[in-house]
Amino acid sequence: MADSTLPVDRPMELPGDLPGEQPGFTWLETLHTWVTTVDHKKLGLMYIGYALIFLLVAGVEALLMRVQLMVANNHFLSPEVYNRLFTMHGTTMVFLVGMPFIIGFANYLVPLMIGARDMALPRLNAFSFWMTALGGFFLYYSFLGAVGLQGAGSAPDTTWWGYAPLTERAFSRGHTMDYWALALVMSGIGTIGAAVNVIATVFCMRCKGMTLFRMPLLVWLNLTTAGLILVTISPLTAAQIMLLIDRYLGGHFFDSQAGGSPVLWFHFFWIFGHPEVYVLVLPAFAIANEVIPTFSRKAIFGYPAMVAASAGIAFISLGVWAHHMFTVGMSAPGNAFFVLSTGLVGVPTGIKIFNWIATMWGGKIRFTVSMMFAVAFVAQFLLAGLTGIMLSMAPWNWQLHDTYFVVAHFHYVLVGAIVFCIFSGLYYWFPKMTGKLLSERLGKWHFWLFVLGFHMTFDFMHIPGLLGMPRWIYTYQPGFGWEKWNILVGVGAFVQGIAILLFSFNMVRSYLKGAEAGPDPWDAWTLEWATSSPPPPYNFAIEPVVASRRPLWDQKHPEDPDWRYE
Amino acid sequence: MSALAAPAPPHAGSDRRAPSRGIVAMLAVIVAESAIFAIFVVAYVFYIGKSLSGPTPRQVLEIPYFNTVCLLSSSITIWLAERSLKRASTRSATRSAMRAFTAWWACTALLGAIFLAGTALEWRKLIYQDGLTVRTNLFGTTFYSLVGLHASHVIIGLIMLSFVLIFALTGKLHPQHRHRVEVLALYWHFVDAVWVVVFTVVYVIGR
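Note that the protein sequences, when read in sequence, are chains A and B. Numbering-wise (our numbering), the first sequence opens with residue 1 and increments by one. Numbering-wise (our numbering), the second sequence opens with residue 1 and increments by one.
Bear in mind the hints are in silico, worked out from the structure with no lab data behind them. Misleading hints may appear alongside valid ones.
Mimicking SDA-like on lysine to any residue, the simulated pairs with C-alpha atoms at most 20 Å apart in a straight line are [as the list claims (entries may be wrong)]:
#  : chain 1 : residue 1 : chain 2 : residue 2
1  : A       : 208       : B       : 207
2  : B       : 172       : A       : 65
3  : B       : 50        : A       : 208
4  : B       : 125       : B       : 17
5  : A       : 208       : B       : 125
6  : B       : 50        : A       : 165
7  : B       : 50        : A       : 257
8  : B       : 50        : A       : 484
9  : B       : 50        : B       : 167
10 : B       : 50        : A       : 65
11 : A       : 208       : B       : 19
12 : A       : 208       : B       : 20
13 : A       : 484       : A       : 208
14 : A       : 208       : B       : 17
15 : B       : 50        : A       : 466
16 : A       : 484       : A       : 501
17 : B       : 50        : A       : 262
Keep in mind that this is a model prediction, so the values were computed, not measured.
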């Protein structure tokens, strides 16, 4: 321990430690501390809690749709309600579940992992959270406040990408689209603020010895994501402003009557929309990058390659958007470009998959629930990537565009990769966030039920797609051979629902009476495990000094520190 | 423990100076803002000559030379103000340097205000004489959006410049606030730089 100083033992208790848990506080004072907080950990937890609530809401929306589709000629939902449900399900899942989850993890973990006491701009951090939160509540208020076509309360119903000219005033009367556009602008401002903060934190707040290439990969990937957010969410904000100009000021951006081009909206939306997938998936990779080495008892394989691959994915992802638009009618060179650029994404992604496997190879793997979710992620992400390559071929895409094959493909990415990683991360860091371990027994039930449900739903969903079942239809005639697949898909959805309820129960129960976690339950190596669980408001009593990528390894194994080899 | 770790771990330079948080954050904001402007510029360029009815840019737009000179020279004055503040923090002649700062800063705000007033006059002419509004045609929609987006950035910049000016006039601004002032100046330079792009697209290429 020449000069590595890590405050593993909690050296002091300051007054004002975790005010919410002190007995002298009334619930009003506790609420006040949470609402007015600028602490990155509390904001991180609020992001994650907010995402969990909306995960349940969007899950219920999905279940209602699956009930409707389980049998042919069903009248469980009306067509109008069905349209609102798939719009709200998509918008919620992307903007109110995926984004808050990944930003919540970044908020909570990035300062801890680089040995900082908070984010670089704590008040901007609080502002970003509340903008995101208000965006979500604003969107859902549309159920009550927006006057729809029928004159009653209504929600947006034009799919989560709101293709023009359907969103123009002539076709979407009432205020539903205004709620949608404004909600996305608000949450977009929040997201951009959070990304600015992550970048400033990583560049300005690293502790002594934490060079860029000693940062944990989670920090690297969140930095890459933050950079991607800046150039990805902004085009969406710009396009939504244009839509609002059209709707409120009578502009003609996407109004084909006045020479405007709806295809321009397609481009603008997917310039946001495709990199958005990587904005969501890179932080999911980041979680796997921490979980897999810890539970394989090996340092990550190919750290520089992982960093380069992340930057490569972020860069390539900016040039693939029009593979969502092969059926729009682009020129042959245009199609060819987007086929090739999309195929190129497979290269850095493949590097990552090989590196995760190489990390596990020869390791002493501990199959905790967190690790199980991470391993399932690697396998499922590979499959999701393979259907992605199929869909990136323009002729194949022409055949299957807007069928359930596409729905199955992107849910394989969003659920099979991102949601699995989020669960993996929750099982891994829940002990750090609350001081209590999640029950592994309930966790294994959660894992196996969720895997079963996931594969029932999304493996079988490919087949009606290949049989030509279009997306967005609220019902269908019998006799196309779609019924039995839709029943399996629907049953799988309910199995997933049960698994998520089990997980919610596990979180509440473990929080109330789970086993004490202690500062470092997994024998891990990054700095967040060097402080108590949950960490004190100031994170580290003494600023840590690190000498390698695995500072806690150096401290636990002073006879064989990492910095000798790096 | 310390005996075992005989060779001291190779730290990065112990006195690493982290870059200023404000500057890094502002650069990130500028990247995001550039992306927003880029989308509006693409929309503008895409719709050049696609309006179904008049008036066309050539008929109604006049090149705002004076405005442009005012806005671009405000970048120079704000740089001179920054330099004065820097001098105030190092030299003994603090008071005169602070006065120079206030003067240059006031110049910057004034030039920004002239630019904004020029835009207001241009818009008044376009609306009342030429009958061009957001609703008229694609040119109107894209023109008011792009120029208006830039003007709204000028307004935000002017509000912040005015705050600093008030602080400077009331003696609340001190040389140690230099780094915060630099962050604001960076934003102002960005607003000026964007005008070069907007000017080129709207008044040179689009006309």
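Here is what the structure says about each hint:
| no. | hint | result |
| --- | --- | --- |
| 1 | A/208 x B/207 | violated, 55 Å |
| 2 | B/172 x A/65 | violated, 61 Å |
| 3 | B/50 x A/208 | violated, 58 Å |
| 4 | B/125 x B/17 | violated, 53 Å |
| 5 | A/208 x B/125 | violated, 60 Å |
| 6 | B/50 x A/165 | holds, 17 Å |
| 7 | B/50 x A/257 | holds, 12 Å |
| 8 | B/50 x A/484 | violated, 51 Å |
| 9 | B/50 x B/167 | violated, 48 Å |
| 10 | B/50 x A/65 | violated, 42 Å |
| 11 | A/208 x B/19 | holds, 14 Å |
| 12 | A/208 x B/20 | holds, 16 Å |
| 13 | A/484 x A/208 | violated, 60 Å |
| 14 | A/208 x B/17 | holds, 10 Å |
| 15 | B/50 x A/466 | violated, 41 Å |
| 16 | A/484 x A/501 | violated, 26 Å |
| 17 | B/50 x A/262 | holds, 14 Å |
The structure does not agree with the numbered hints 1, 2, 3, 4, 5, 8, 9, 10, 13, 15, 16 stated previously, though it agrees with the rest.
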